[in-house]
Amino acid sequence: MTMIAKNPDNTDIKEWYVSSFHEFENRMNGGSESPLHQIRREAISAFQKLGFPHRKMEEWKYTDINPILQKRYAFPDVAPELSHKDIRPFLFGDVNDTVLVFVNGLFDKNLSKF
Numbered sequence: 074m075t076m077i078a079k080n081p082d083n084t085d086i087k088e089w090y091v092s093s094f095h096e097f098e099n100r101m102n103g104g105s106e107s108p109l110h111q112i113r114r115e116a117i118s119a120f121q122k123l124g125f126p127h128r129k130m131e132e133w134k135y136t137d138i139n140p141i142l143q144k145r146y147a148f149p150d151v152a153p154e155l156s157h158k159d160i161r162p163f164l165f166g167d168v169n170d171t172v173l174v175f176v177n178g179l180f181d182k183n184l185s186k187f
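Sequential numbering from 74 applies to the sequence shown in the working numbering.
Think of the hints as simulated: they come from the structure by calculation, not from any bench.
Take these hints with a grain of salt, some might be off.
In silico lysine to any residue, SDA-like type, Cα no more than 25 Å apart, as pairs [as the list claims (entries may be wrong)]:
id : residue 1 : residue 2
1  : K186      : G103
2  : K129      : D85
3  : K87       : R114
4  : K182      : K144
5  : K122      : P140
6  : K144      : G178
7  : K129      : W89
8  : K129      : E115
9  : K122      : E106
10 : K144      : A119
11 : K122      : Q111
12 : K122      : V91
13 : K87       : G178
14 : K158      : D181
15 : K87       : N99
16 : K144      : P126
17 : K158      : L173
18 : K87       : K122
19 : K158      : S185
20 : K144      : W133
21 : K144      : G124
22 : K158      : F175
23 : K87       : D137
24 : K144      : E88
25 : K186      : P126
26 : K87       : L173
27 : K144      : R114
28 : K122      : S105
With the hints as constraints, model all of the structure from the sequences given.
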């Protein structure tokens, strides 16, 4: 589920994304030291230096990113409570297979099987 954050229109969009990343990082509850999060940090650092791609960049000259700039996305504050019954319709394969479940991008150990 994607939620649109309510922010003043005069907020610089690049700075808004950077500050949203830092808010997300503060809510990670220890996960900010993971190797995956190190990649996220490198990505946000590159974004701070380069900003959004634009049409003067050869690789982006035919890509309109305005739809991305029109909305301000945010992470939901609370993950929904799900049961094994809720996720069963989305599973496939052998019942003995390894199953990794991510809810709103966060690994859910209780719903996973490995």
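So, going through the hints one by one against the coordinates:
1. K186 <-> G103: holds (22 Å)
2. K129 <-> D85: holds (21 Å)
3. K87 <-> R114: holds (15 Å)
4. K182 <-> K144: With Cα atoms ~32 Å apart, K182 and K144 exceed 25 Å; violated.
5. K122 <-> P140: Holds - the C-alpha atoms of P140 and K122 are around 22 Å apart, at most 25 Å.
6. K144 <-> G178: holds (20 Å)
7. K129 <-> W89: holds (23 Å)
8. K129 <-> E115: holds (24 Å)
9. K122 <-> E106: holds (23 Å)
10. K144 <-> A119: holds (21 Å)
11. K122 <-> Q111: holds (17 Å)
12. K122 <-> V91: holds (11 Å)
13. K87 <-> G178: holds (22 Å)
14. K158 <-> D181: holds (15 Å)
15. K87 <-> N99: holds (19 Å)
16. K144 <-> P126: holds (16 Å)
17. K158 <-> L173: holds (15 Å)
18. K87 <-> K122: Satisfied, since the Cα-Cα distance of roughly 10 Å is no more than 25 Å.
19. K158 <-> S185: holds (13 Å)
20. K144 <-> W133: Status holds; Cα separation ~20 Å.
21. K144 <-> G124: Given pair K144, G124 holds - Cα atoms ~16 Å apart, limit 25 Å.
22. K158 <-> F175: holds (15 Å)
23. K87 <-> D137: holds (17 Å)
24. K144 <-> E88: Answer holds: K144 to E88 is near 14 Å, not above 25 Å.
25. K186 <-> P126: violated (40 Å)
26. K87 <-> L173: Answer violated: K87 to L173 is near 33 Å, above 25 Å.
27. K144 <-> R114: With Cα atoms ~22 Å apart, K144 and R114 stay inside 25 Å; holds.
28. K122 <-> S105: Distance ~21 Å between K122 and S105 Cα, so the pair holds.
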